[in-house]
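Enquirer: Residues per chain, in single letters:
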Amino acid sequence: MEQQTVPPPAGDAAPQRGVYDAAVIGGGLVGSAVAYGLRRQLDRVAVLDEGDVAFRASRGNFGLVWVQSKGMGLPRYGVWTMSSAQLWPQLAAELLEKTGVDVRLEQRGGLHALLSDDEVEARVKFMTTLLGQPGMSRYEWKLLDRREVAELVPGIGPEVRGATWTPVDGIANPLKLLRALHIAFRRERVDYLPRCPAGAIRQADGVFHVETPRGTLRARRLVVAAGLGNRELGSRIGLDVPVRPQRGQIIVLERTRRVLETPFSTLRQMDEGSWLIGDSQEEAGFADEAPGLPVLGTLADRAVRTLPALREVRVVRSWAALRVMSKDGFPIYEQSQSCPGAFVATCHSGVTLAAAHALKLAPMIAAGALDDDMAPFSTRRFHVQEA
Amino acid sequence: MFKRLDEAAGQAGRAPVRVTVDGGEVRCREGDSVAAALFASGHADCRDTVVNEVPRGPYCMMGVCYDCLVTIDGVPNRQGCMTLVREGMRIERQRGAREVRP
Chain W
1 MEQQTVPPPA
11 GDAAPQRGVY
21 DAAVIGGGLV
31 GSAVAYGLRR
41 QLDRVAVLDE
51 GDVAFRASRG
61 NFGLVWVQSK
71 GMGLPRYGVW
81 TMSSAQLWPQ
91 LAAELLEKTG
101 VDVRLEQRGG
111 LHALLSDDEV
121 EARVKFMTTL
131 LGQPGMSRYE
141 WKLLDRREVA
151 ELVPGIGPEV
161 RGATWTPVDG
171 IANPLKLLRA
181 LHIAFRRERV
191 DYLPRCPAGA
201 IRQADGVFHV
211 ETPRGTLRAR
221 RLVVAAGLGN
231 RELGSRIGLD
241 VPVRPQRGQI
251 IVLERTRRVL
261 ETPFSTLRQM
271 DEGSWLIGDS
281 QEEAGFADEA
291 PGLPVLGTLA
301 DRAVRTLPAL
311 REVRVVRSWA
321 ALRVMSKDGF
331 PIYEQSQSCP
341 GAFVATCHSG
351 VTLAAAHALK
361 LAPMIAAGAL
371 DDDMAPFSTR
381 RFHVQEA
Chain C
1 MFKRLDEAAG
11 QAGRAPVRVT
21 VDGGEVRCRE
31 GDSVAAALFA
41 SGHADCRDTV
51 VNEVPRGPYC
61 MMGVCYDCLV
71 TIDGVPNRQG
81 CMTLVREGMR
91 IERQRGAREV
101 RP
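First to last, the protein sequences are chains W and C. If you read the first sequence in our numbering, its first letter stands for residue 1, the second for the next number, and so on. If you read the second sequence in our numbering, its first letter stands for residue 1, the second for the next number, and so on.
If you are wondering where the hints come from, they were derived from the structure by calculation, not from laboratory data.
Label pairs and their computed distance ranges (CB to CB):
#, chain 1, residue 1, chain 2, residue 2, range
1, W, SER235, C, TYR59, 46 to 54 Å
2, W, GLY329, C, ALA44, 48 to 56 Å
3, C, GLY10, W, ARG59, 47 to 55 Å
4, W, ALA150, C, MET62, 41 to 49 Å
5, W, VAL316, C, GLY42, 24 to 32 Å
6, C, GLU99, W, GLU140, 27 to 35 Å
7, C, TYR59, W, ARG59, 21 to 29 Å
8, W, ARG59, C, GLU87, 42 to 50 Å
9, C, ALA44, W, ARG138, 55 to 63 Å
10, W, GLU283, C, GLY42, 56 to 64 Å
11, W, ALA122, C, TYR59, 49 to 57 Å
Cβ coordinates follow ideal geometry from the N, Cα and C atoms, glycine included.
Starting from the given sequences, assemble the full structure and let the hints guide the process.
Expert: Structure, rendered in structure tokens:
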């Protein structure tokens with residue numbers, strides 16, 4: 001293995017004296033991608049993170065780099081998603097060069113399986129409406145019939161009526177992505193401070209002072225990207241950030257030879273052979289410890305109806321993790337008006353949007369203002385008076 | 001599958017059990033685990049790992065390390081240390097990840 005190892009920072013690393021150009025609160029995929037992008041432009045960047053107790057959607061997600069379905073009701077989100085998918089090859093190539101970690105990006109198209117005529121009808125209507133929205137991104141999509149799906153995925157089950165397909169969907173390995181970003185921190189001298197949660201925040205003379213268990217961190221720019229912590233942290237920089245946990249469960253099957261080259265939205269094979277089955281959505285508060293059999297049973301049933309050969313493949317793990325969902329499900333990016341220089345970045349698609357966060361959002365934050373076309377992502381959308 | 005030594009000593013007198021390892025006959029004893037039978041017949045390694053395809057053999061002998069995975073009677077990824085030999089059992093070495101045949 002030619003991957004070099006860099007010793008990890010001491011567990012009790014403290015914020016350095018002086019003033020950072022920027023500090024990010026949150027070391028998951030959103031915070032890490034933003035910090036990585038900030039470091040491309042700024043010299044002194046710090047990341048405050050919790051420890052292993054963090055909810056950490058970054059370690060429980062499915063790893064799609066996904067475009068189809070996104071943006072119904074907010075076409076700007078569809079455009080943002082598409083731009084991230086297009087920037088992903090650049091991010092993956094940079095990470096490989098800087099860290100030696102191949103995050104296993106594959107963008108060879110993706111499928112959304114349809115198991116009944118009703119599902120086909122509803123899906124066509126949905127995709128047509130989605131892509132017909134004014135200002136929506138444009139990409140090719142097709143409704144594939146059984147035979148066409150079978151050409152992409154040998155062995156589909158008899159109930160598969162078809163699938164929607166786009167050439168722009170893909171997958172990555174989310175754990176390798178998180179690891180690559182953190183290795184980049186060490187290589188590029190980003191101060192990553194684990195087990196160092198942010199306490200009180202105040203701003204004086206254009207500098208943020210963030211209290212931590214190991215002293216005060218000072219920074220000119222502050223990014224709150226702490227997932228489910230954003231509600232509380234947002235309030236400390238004058239922003240009302242309505243995010244809630246939405247539980248998703250995932251089933252992992254043992255590693256097999258790679259056979260699924262085109263991923264489904266709910267069934268994929270990892271680069272090293274494991275299979276993931278997922279995409280359940282439950283409102284269950286912060287309960288992420290107990291996967292439930294009814295949901296897992298439903299997930300497994302749909303997977304074997306899609307690909308019956310999976311009946312013979314063992315389940316090796318299952319888990320529940322918490323998505324970071326805003327009130328309307330779309331990302332929130334905004335600069336605080338009462339604390340200029342402080343930003344919030346939150347979404348439930350930390351993998352898909354990683355490239356946009358690193359290569360588009362971070363430069364805006366470094367420059368001190370979000371572009372005008374980011375306005376649809378501000379929390380002002382939640383404050384429209386009901387007619 | 002740990003046993004007390006006196007029980008194990010009793011096994012010595014029992015009828016031999018014949019299994020095959022990659023087609024070659026191996027004689028073992030009733031009550032042997034597949035992993036024990038592999039060791040006793042000189043098969044120190046029994047599989048190649050899934051990703052890098054380097055050899056591995058039984059290690060913990062108590063069901064936790066999963067290094068003794070073998071194909072038994074056509075079923076892949078069986079734990080050799082947790083499976084008792086049976087007359088006529090077909091044991092095969094695993095090379096890399098198991099297959100799934102759509």
